[in-house]
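Add chain P to chain D, keeping to what the hints say.
Listed in order, the protein sequences are those of chains D and P.
For the first sequence, position 49 (counting from the first letter as 1) is numbered 49 according to my numbering, and the numbering increases by one without interruption.
Positions in the second sequence are counted from 1; adding 346 to them yields my numbering.
These aren't lab readings, by the way, just hints derived from the structure by calculation.
For every residue, glycine included, the Cβ atom is placed at its ideal position computed from N, Cα and C.
A few of these clues could be false.
[Said to hold, decoys possible] A partial selection of chain P residues facing chain D, derived with a Cβ cut-off under 10 Å:
no.: 1; residue: Val411
no.: 2; residue: Ser422
no.: 3; residue: Ala427
no.: 4; residue: Arg434
no.: 5; residue: Arg438
no.: 6; residue: Thr441
no.: 7; residue: Glu512
no.: 8; residue: Val518
no.: 9; residue: Ile523
no.: 10; residue: Phe562
no.: 11; residue: Leu566
no.: 12; residue: Leu567
no.: 13; residue: Arg635
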Amino acid sequence: MAMSEPGDAVTATSGAAPCALAIEVRDLVKTFGEVRAVRGVSFQVALGEVFGFLGPNGAGKTTTINMLCTLTRPTSGEARVAGFDVVRQRDEVRRNIGLVFQDPTLDGYLTAAQNLRLHAELYGVRSDLVAPRMQQVLRMVGLWERRDAPVSTFSGGMRRRLEIARGLMHSPRVLFLDEPTIGLDPQTRRSIWGYIRELKEQEEITIFMTTHYMDEAEWCDRIAIMDHGEIVALDSPQALKAAIGTDRVTIQTDDDDAAIEALERHFGIRARRSEGAVAFAVAAGERFVPRLFSELDVPIRAVSVSRPTLDDVFMSYTGTTIRDAEEDQSRHRNRVMMQMMSGGRR
Amino acid sequence: MSEHGTEPTATHSAQAPGDGSAPVATADRAASADRAASVDRHAAADHPADGRADGAPHAAAGHPVVRVSVPERSLSSELRAIRIVWRRELIRYRTDRMRMVTTLVQPLLFLFVLGAGLNRLSSAGTHGVDLMTFIYPGILAISVLFTAMFSAASIVWDREFGFLREMMVAPVRRSSIVVGKCLGGATVASIQGIVVICLAGAVHVPYDPLMIIEVFALQLLLAFSITAFGVMVAVRIRQMQSFMGVMQMIITPMFFISGALFPVSGLPTWLGVLNRFDPLAYAVDPMRRIVFSHLSISPLARAALDRGITWFGWRVPTLLEAATVVALGLIMLTIAIVEFSTID
Numbered sequence: 001m002a003m004s005e006p007g008d009a010v011t012a013t014s015g016a017a018p019c020a021l022a023i024e025v026r027d028l029v030k031t032f033g034e035v036r037a038v039r040g041v042s043f044q045v046a047l048g049e050v051f052g053f054l055g056p057n058g059a060g061k062t063t064t065i066n067m068l069c070t071l072t073r074p075t076s077g078e079a080r081v082a083g084f085d086v087v088r089q090r091d092e093v094r095r096n097i098g099l100v101f102q103d104p105t106l107d108g109y110l111t112a113a114q115n116l117r118l119h120a121e122l123y124g125v126r127s128d129l130v131a132p133r134m135q136q137v138l139r140m141v142g143l144w145e146r147r148d149a150p151v152s153t154f155s156g157g158m159r160r161r162l163e164i165a166r167g168l169m170h171s172p173r174v175l176f177l178d179e180p181t182i183g184l185d186p187q188t189r190r191s192i193w194g195y196i197r198e199l200k201e202q203e204e205i206t207i208f209m210t211t212h213y214m215d216e217a218e219w220c221d222r223i224a225i226m227d228h229g230e231i232v233a234l235d236s237p238q239a240l241k242a243a244i245g246t247d248r249v250t251i252q253t254d255d256d257d258a259a260i261e262a263l264e265r266h267f268g269i270r271a272r273r274s275e276g277a278v279a280f281a282v283a284a285g286e287r288f289v290p291r292l293f294s295e296l297d298v299p300i301r302a303v304s305v306s307r308p309t310l311d312d313v314f315m316s317y318t319g320t321t322i323r324d325a326e327e328d329q330s331r332h333r334n335r336v337m338m339q340m341m342s343g344g345r346r
Numbered sequence: 347m348s349e350h351g352t353e354p355t356a357t358h359s360a361q362a363p364g365d366g367s368a369p370v371a372t373a374d375r376a377a378s379a380d381r382a383a384s385v386d387r388h389a390a391a392d393h394p395a396d397g398r399a400d401g402a403p404h405a406a407a408g409h410p411v412v413r414v415s416v417p418e419r420s421l422s423s424e425l426r427a428i429r430i431v432w433r434r435e436l437i438r439y440r441t442d443r444m445r446m447v448t449t450l451v452q453p454l455l456f457l458f459v460l461g462a463g464l465n466r467l468s469s470a471g472t473h474g475v476d477l478m479t480f481i482y483p484g485i486l487a488i489s490v491l492f493t494a495m496f497s498a499a500s501i502v503w504d505r506e507f508g509f510l511r512e513m514m515v516a517p518v519r520r521s522s523i524v525v526g527k528c529l530g531g532a533t534v535a536s537i538q539g540i541v542v543i544c545l546a547g548a549v550h551v552p553y554d555p556l557m558i559i560e561v562f563a564l565q566l567l568l569a570f571s572i573t574a575f576g577v578m579v580a581v582r583i584r585q586m587q588s589f590m591g592v593m594q595m596i597i598t599p600m601f602f603i604s605g606a607l608f609p610v611s612g613l614p615t616w617l618g619v620l621n622r623f624d625p626l627a628y629a630v631d632p633m634r635r636i637v638f639s640h641l642s643i644s645p646l647a648r649a650a651l652d653r654g655i656t657w658f659g660w661r662v663p664t665l666l667e668a669a670t671v672v673a674l675g676l677i678m679l680t681i682a683i684v685e686f687s688t689i690d
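One chain only, chain D, in its complex shape:
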């Protein structure tokens, strides 16, 4: 590979003021009528970071992302993306961001290559760089060989991968991914995370994404947990888990009721039944196991100790699991809908 001289390099900056932060958000609020979708969030994302927004559906993640992408005007507050104000410098923001939406936005009549070319033309990518850039991004998502096939023949996973490739066509400084892996099979989800890691290694890009998959949030450098329009926790996944300070211990016993009662009596631990076993949280789980065997008078058949997961983190901040939160949401929606259909308030 021939070395390129620094002088003939095509730079990726497009006249943006240099800044150390990719995203800067202060007291961002969005209300739709009486619904306060986002209630004053503030955070900063550093250049080159993979930043995740985690929360159940309806927590305000998409509304926040839409405000950062200039698609929705904030009710109040301030946000800067790639150094530009999302309200006053919409165009500059748009030139510097790539977007992958939750809902598909490809033209099924066109081929993969035609979709990317259309994007490049809309963004004014220099004509002689369109073909090589297209090749790079299509190779990255493994669709180079399918470039001349109409998108209508693509599977859901292939479409999502193509959307990611398209979002990268103009070398954005910040890539927004709104639930990029929702509804995909585990294999495709894994490969999408592969691209994101690869991207991080190869290009100076900041990635901002939303997800409600706990296991995916683990991949992020930092995550913000969002609930009811507010950020309830923000840190690296490791730090968030460490902050919980307890491990989860699960035991199988001959008599679960007696075990729960004995745990309460001997150790002051409140245990609960969980999937045919007894589960409880305790600090330094491994060191606790020997005491458990010597002091608990109920025969124990099996023990497992696990580190806290993001599920536990989510639980500790919101008091519910992400799945329950979503069921609540949909129940609430159903109730609202029923009320609307039956003629409003009664």
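Then chain P, alone, in the frame of chain D:
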């Protein structure tokens, strides 16, 4: 910078990813990219193992990084946007063969079935002119009408399938998207119009080059205006069914009242008034005048069939009629742009 340094074949993974100094594309390198791409196609054929297109995560081999940049918005970038939106319409038209056929069915039915069927009834009033010849100019106009409406409908379609969003978030003016769309619709409709022009011989109209040019120019103007009108309506509508319904409601009366199927002189007063307010009439009338000026028919027939639109007894000249079509088109284009710019 040597050429062989640019071969992006599948075996180049030796290049270290993540060292931060990944090579950045240069102009001369890009110039050879097309060749590299064609080389690569052979490479892929030689190594079918690399041809897997779906499924397994791609090994994190360092694909050569090509950096591009998005320039400031300028006139040339807006023109590029207009051109690509226009081209998309053409590509979609080319791939949608059914549409070429279906949008032609209705005009041809009117021309041949209605024309031939009613010919015997009307022969007394047409002074020896075949009814098909008479309604042919009208068909020239409405063939464009249906296709242009279809093109405008694709905005609703794009919204339903999400693609509209891709265009809305691009750093280009909304007006560029609307103009590109209207030009695309006008081009596609004019292609359909050419098919109808080709049928002139079948209805006893001579293939006069001047007439063909004039008719085609008029079709282009009409197609642009109709697409602008369609886009104006489509921006407000979110579902395809509603759009089709609204269009039926507007298009059919416009078509019937325009005088495509009957002479506009000596109509009952109410119909005559409606006719003068029908924008399509100002496309049908000059179309008929152009075609009839190339026919050799009796003055009596000409007087009966081609009296044209009058404003308080004054016959509106062809150029003014064409200008009316253009003016209406521009007004609707402006409304469409304003509407399009205000939606999220």
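Now for the hints, and whether the structure bears them out:
1. Val411: At about 5 Å, which falls below the 10 Å cut-off, the nearest Cβ of chain D leaves the hint on P:Val411 intact, so it holds.
2. Ser422: It holds, given that the least Cβ distance between P:Ser422 and chain D is near 8 Å, below 10 Å.
3. Ala427: Holds, about 5 Å.
4. Arg434: holds (6 Å)
5. Arg438: holds (5 Å)
6. Thr441: holds (5 Å)
7. Glu512: Since chain D brings a Cβ to about 4 Å from P:Glu512, closer than 10 Å, the hint holds.
8. Val518: holds (6 Å)
9. Ile523: holds (9 Å)
10. Phe562: Where the cut-off is 10 Å and the nearest Cβ of chain D is about 27 Å from P:Phe562, the hint is violated.
11. Leu566: Where the cut-off is 10 Å and the nearest Cβ of chain D is about 24 Å from P:Leu566, the hint is violated.
12. Leu567: violated (27 Å)
13. Arg635: Hint on P:Arg635: violated, closest Cβ of chain D at ~39 Å, above 10 Å.
Hint compliance for this structure: hints 10, 11, 12 and 13 are not met, and every other hint is.
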